[in-house]
Every structure is written in C-alpha cells, then in structure tokens.
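Trainee: Going line by line, the protein sequences match chains F and H. Each residue of the first sequence is one higher than the one before, counting from 19 in my numbering. Each residue of the second sequence is one higher than the one before, counting from 110 in my numbering.
Warning: the hint list may mix true and false statements.
Unchecked claim - Every beta carbon over 12 Å from chain H, so not counted as near; a handful from chain F, in silico: (1) M43; (2) T74; (3) G76; (4) Q82; (5) S83; (6) G84; (7) S108; (8) L109; (9) V112.
To be verified - Now the in silico label distances, taken between C-beta atoms and shown as ranges: (10) F/D47 to H/A533: 34 to 42 Å; (11) H/A596 to F/S83: 48 to 56 Å; (12) H/V176 to F/H96: 19 to 27 Å; (13) F/L100 to H/D592: 45 to 53 Å.
Said to hold, decoys possible - A few chain H positions that, by computed beta-carbon distances, are all more than 10 Å from chain F: (14) A264; (15) L283; (16) T595.
Hint data in this document are derived by calculation from the structure and do not stem from the laboratory. Ideal Cβ placement from N, Cα and C applies to all residues, glycine included.
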Amino acid sequence: MIELLTTKYTYLVVVALLAIGAYVMIESDNFVKKIIGLNIFQTGIFVFFISAAFRTGGRSPVVQSGGGGGPFVSPLPHVLILTAIVVGVSLTAVALGLVVRIYESYGTINEDTLEEVLANE
Amino acid sequence: MSDTLVPLLVAVPLLGALLTVASGLVTERGPPAVAAGVLTVQTALAAWIGSRAIADGPLSNEVGGFVAPYGIELVVDGLSAVVVVLVAAVSLVVLVYTVRDDPGGAAFYTEYLLLVTGLSGMSVTGDVFNLYVFLEISGLATYALVASAGDGRSAVAALKYLLFGTVAASLYLLGVGYALVATGTLNMADLSVELAQAGYDSPLVLASFGFIVVGLATKTALFPLHTWQPDAYNDAPDSVSALIAALVSTVAAYALLRILYTVYTPAFFEAVPVARDALVVFACVSIVVGSVLAVAQSEVKRMLAYSSVSQYGLVVVGLAIGTPAAVFGAIVHLVGHAIMKGGLFVAAGTIDDLTGATTAEEYAGLAGRFPVLGGASAALMLAMVGVPPAVGFAGKWYIALGAVRAGTWPVAVVIFASTLLTLAYFAILVERMFVAPASASMQAATDGGSERLGGPATPPRGVLALIIGAAVVALILGLAVTDLQTALQPTIDSLLS
Numbered sequence: 019m020i021e022l023l024t025t026k027y028t029y030l031v032v033v034a035l036l037a038i039g040a041y042v043m044i045e046s047d048n049f050v051k052k053i054i055g056l057n058i059f060q061t062g063i064f065v066f067f068i069s070a071a072f073r074t075g076g077r078s079p080v081v082q083s084g085g086g087g088g089p090f091v092s093p094l095p096h097v098l099i100l101t102a103i104v105v106g107v108s109l110t111a112v113a114l115g116l117v118v119r120i121y122e123s124y125g126t127i128n129e130d131t132l133e134e135v136l137a138n139e
Numbered sequence: 110m111s112d113t114l115v116p117l118l119v120a121v122p123l124l125g126a127l128l129t130v131a132s133g134l135v136t137e138r139g140p141p142a143v144a145a146g147v148l149t150v151q152t153a154l155a156a157w158i159g160s161r162a163i164a165d166g167p168l169s170n171e172v173g174g175f176v177a178p179y180g181i182e183l184v185v186d187g188l189s190a191v192v193v194v195l196v197a198a199v200s201l202v203v204l205v206y207t208v209r210d211d212p213g214g215a216a217f218y219t220e221y222l223l224l225v226t227g228l229s230g231m232s233v234t235g236d237v238f239n240l241y242v243f244l245e246i247s248g249l250a251t252y253a254l255v256a257s258a259g260d261g262r263s264a265v266a267a268l269k270y271l272l273f274g275t276v277a278a279s280l281y282l283l284g285v286g287y288a289l290v291a292t293g294t295l296n297m298a299d300l301s302v303e304l305a306q307a308g309y310d311s312p313l314v315l316a317s318f319g320f321i322v323v324g325l326a327t328k329t330a331l332f333p334l335h336t337w338q339p340d341a342y343n344d345a346p347d348s349v350s351a352l353i354a355a356l357v358s359t360v361a362a363y364a365l366l367r368i369l370y371t372v373y374t375p376a377f378f379e380a381v382p383v384a385r386d387a388l389v390v391f392a393c394v395s396i397v398v399g400s401v402l403a404v405a406q407s408e409v410k411r412m413l414a415y416s417s418v419s420q421y422g423l424v425v426v427g428l429a430i431g432t433p434a435a436v437f438g439a440i441v442h443l444v445g446h447a448i449m450k451g452g453l454f455v456a457a458g459t460i461d462d463l464t465g466a467t468t469a470e471e472y473a474g475l476a477g478r479f480p481v482l483g484g485a486s487a488a489l490m491l492a493m494v495g496v497p498p499a500v501g502f503a504g505k506w507y508i509a510l511g512a513v514r515a516g517t518w519p520v521a522v523v524i525f526a527s528t529l530l531t532l533a534y535f536a537i538l539v540e541r542m543f544v545a546p547a548s549a550s551m552q553a554a555t556d557g558g559s560e561r562l563g564g565p566a567t568p569p570r571g572v573l574a575l576i577i578g579a580a581v582v583a584l585i586l587g588l589a590v591t592d593l594q595t596a597l598q599p600t601i602d603s604l605l606s
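The following block holds chain F by itself, in its conformation from the complex (with noise of 0.2 Å):
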C-alpha cells in the first residue's frame, strides 16, 4: 500500500479527478458545474497522458550540441496534451456560451428547473 503511494502516486491523482468530474457531471443540476466536472474529467486524462511521458531522472527533451545527454523524459504525450487542452478550452467556450442562451430563453442554468419549463412549453 505504502510502496503504492509513493510510487503510483500520480495515477491516485488520475483516478480521483475522473471520479471528481464525472460525479460532478452527474450530480449537479447546475449547467455550469456540469461543465466544470468535464474540465475535471479531462484534466484526469491530461494527468494521465503526463505521468506516462514521466522518466526517472529524465531531463528535458533538448539535445546538446555533440549529443548525449539523456534519459529524455518523452516529449511526445506532452504535445499531444497541449493539443488536447486547446480543445478543451474551445469546448468550455462553446458550451459556456450554450448556457448563456439556455439562461436568455429560459432564465435558468438550474436542469430540473429547466425539464420543468420544458415540459410545460
């Protein structure tokens, strides 16, 4: 148990900001903390992609002139993450801006408020 804490401890983090998140989708009646549980939910996974990339004693990926130097920690989960967290940012955008309109029409973020009005229309 202990060793598991001090050496896996990263994928602990993984796995309790996935059930952050996704509890949090599932739980809140509040559109814009739905959305927040989904930045949780992805930012486990961007955890995860890291800790992979992770190298004991590893050094930046940056070769020196006449070579040598490593081990290298991996460059490569670290770019695909940076991609992943621009669409990340793009998809907070959107969905933020959908709650806004939800909000116009309807003047609630609240859900159960919002299949009340629904289904009265």
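Once you've looked at the hints, dock chain H against the given chain F.
Mentor: Relative to chain F, chain H alone:
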C-alpha cells in the same frame, strides 16, 4: 503508394471555411455560393482520389514530411475512399436544402464546412491521436450547428450533446493513452504490430480497447449511450438534422471499423473472444431497443432518430461478426443508411415547412395533397425497411449472411425481428399518408395554402428533386451492390487477414 493530393481532402474544406467567412464580409449571398463551390471541388477531389485508391491500392501521405510512425500519416484505402466520397457528396447535396432552409449568415456555412473538414479528416487519418482531434473538430462544429436554430430548445439539445460527446471523446482519448503506454506509438498500422507484441491479454491493451470502443459507441449512438441523439436530431434546424443524421454517426461507425480492424485486427478478437461477444450483444440490444423506442414515438423526427439507434446497431453487429460478408454488409448499410436517413430528414423538414405537420397523426392525407413528395418519402421508408432491391435490403442481407456463415444465427433472427419492427413504425406513417382521411393541418394546407404564414404552398423544386434523387439512389444502389463488392473485396480481405 505515396500521394501528395491526399492532404487536400482535409485542406480544401478547411481553407474553404476561412474563405466563407471572408466572402460573408463582401456580400450576403457569398457564403452559400462559396460553400457550394468548395464542396463541388471537394466531391470531385474525393471521387478522383477514391477511384484511384480502389483501382491501385491504398494511397498515403506523410504530413509535413515527417516519416511514419513518428509523423502523422493520412491513408486512403478502399473503405476510407467510400466514406470520404459519401461525406463530400452528401454534404454537397444537403447544401441545396440548407440554402432553402435559410439558416442565414456566414457563420453557419463556416461551421458546415468545418464539419466536413472534421469528417473528412476522420475518414482519411492513419493516426489514432489525429483521429481524436478530427473527432473533436467535427464534434464542435456539430454542437454549433445543432444550436443554430437560435431558440432555447436547440441550445439545450446542443449542450446535452456537447456533454455526452465530450465525455465520449475523452474516453476515446484515455483509451489512446493506454495504447500509447503499452506500445509507444500512435500510428494505426504500427499499432497493429506493436499491440500484438505487447500481448493482447495485457491489462493495458484490454483497457485501451474498452475505453476506445465505449467512446466511439457513444458517438455512434448505440443503446444505452444514445440519449443525446433524439434531442439533437429533433431540435436542430431541419437541414442540420438531415446532415448530421446522414453523416456524423456514420463516420463515427467507420472510425470504429478502423479501430477494430486496422488497429486491433482480427487476431485480437481471436485472442480475446469475449470482446467480440460483448460487442455483438451490445449491438443486438441496440437493434431491438432502438426499434421498439421508435415504434413508441409519435413525432416523426424523433422516430427517425430512434430508428438510427437501431440501424447503427446493425452496422456494429456486422463489424463485430467480422466475416468478409458481414463487414461488407456493414459498409453497404452505413452508406445506404446515410442516403436514406438524410433523404427522410429532408422530407420530414419539407413536410413541416409546407403543412406544419410533425407527428404521425398530422401526416394523415399527405399523399393526397402532395403525391410526389408522399410517394418519394414512402419509397425511402420502404427502402429503409429493406424491400428488395433497395440498398436497405442489400446491407441487411449481407450482414445476416455473414452472421449465419459465422455460426451466430441468433443475430440473423434479431435482424429479422428488427426488420418487422422497422416495418411497424414506417407502415404507420405510410398508412396515414396514403389511406387515412386528411388531418386538420392537411385540410388547412389544401384550403388556404400553408398553415405556416409565409411558407410555400408547393414543395420547392430543388428540394423535391433532392428527395426523389435520394429515393432513386436508395433503390438502384441495391442493384449496384455486386459491383461495389468486387471493388471493395481486396480492401476487406487485407483488413481481415
């Protein structure tokens, strides 16, 4: 074979999207004209590259000159050729209806072209992370398009779709992460070799398979992961319903095919038979429940949406069985479904415009008022049910044939049962249209033109031609299916070997 034209399949609609914005600043009529021009070029390009890929074998391109497996590779083989041509052609044809539907503004056409960019990219990419990026590009464009009706209801549907779609894409990304940890590569062709070396029973590989399949199944809208789909189809503007019903889930199902056979390969299914069984059961439940839910609907667009849940179940069951006949049937059904469902959504939208009818009850007497429109819609419905020689029959026939040959005959029974249920919900509509006495809204349409103020009194010619065209293609494609089989056989064989 290396080919420099392949990246243009992604670049043309992407640059076209920018051009649409620019043309919107000059003149209001610019954006639809530019979009039509760009999609014409895209269709011609896709047909040219696709025909060469089918004739000469797969074409590939290493983007930016970075050598695969380190760089991103774009590949067009027989299957991606079919899908990329379908995406280009359907989006060009639906544009005719879109212009009639008049969603307005350069932003709409930009989103439209961005959706085509994403879908074309998903069709031709040979890299699993690149597939994620294109998945999100098409996703973002779809959410914006669904919300483009401008009312609160479409915003709610779009947000619901966004939450589901993003979780689906995130699960896919997590699966890609597991595969990356297991193998250190992202190139599809390379992964198929590396995954075998990592061991198919390794927990990393199994977890990656699970996450990727669940993610793509949500995007494809299989039961019980379909709940976003009826709202999105129902509350979107009519032209957008037609486009996304025809293409978005279709390309997601194609991506699932790529993952199952290019990345995980049939050897994975042999090593882990439970994966195949689970997928078959999952898809069969989707077929039956989707049909039952469709029968229970009274609103026509919602009924068509639930029908899609069932039809994609059929496609996935064909993929999961994995004999050459079943996979070919899945592809035929994918293409056929896109044409038929796109046509039906255009028809439903047109009927709504003309008469305000949106439920099966209100469809009563439609054929008396609009015989051509009613006849073409009925032809599309019968094609969907699977009356020979329509394409709906050909797809189901090959899937059932593959299932029987693989010894999983219960699947054939499920397909037969779902056909009866499909007949049940479309027969209600056909009976209403042709036999039942005219409803109040049809009466209004007959007496005083359209019930909707300012709506047209007869179907617009272009849109009518489009619906008839879809019906004709759906009927004759069933006859051309043997030629298609000859063309695709080498690709399917190499995929399943």
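Trainee: Run every hint past the structure and note whether it holds.
Mentor: Results of checking the hints against the structure:
no.: 1; hint: M43; verdict: violated, 7 Å
no.: 2; hint: T74; verdict: holds, 16 Å
no.: 3; hint: G76; verdict: holds, 15 Å
no.: 4; hint: Q82; verdict: holds, 21 Å
no.: 5; hint: S83; verdict: holds, 22 Å
no.: 6; hint: G84; verdict: holds, 23 Å
no.: 7; hint: S108; verdict: violated, 6 Å
no.: 8; hint: L109; verdict: violated, 5 Å
no.: 9; hint: V112; verdict: violated, 6 Å
no.: 10; hint: F/D47 to H/A533: 34 to 42 Å; verdict: holds, 37 Å
no.: 11; hint: H/A596 to F/S83: 48 to 56 Å; verdict: holds, 54 Å
no.: 12; hint: H/V176 to F/H96: 19 to 27 Å; verdict: holds, 21 Å
no.: 13; hint: F/L100 to H/D592: 45 to 53 Å; verdict: holds, 46 Å
no.: 14; hint: A264; verdict: violated, 4 Å
no.: 15; hint: L283; verdict: violated, 5 Å
no.: 16; hint: T595; verdict: holds, 40 Å
Comparing the model with each earlier hint shows violations of hints 1, 7, 8, 9, 14 and 15; every other hint is respected.
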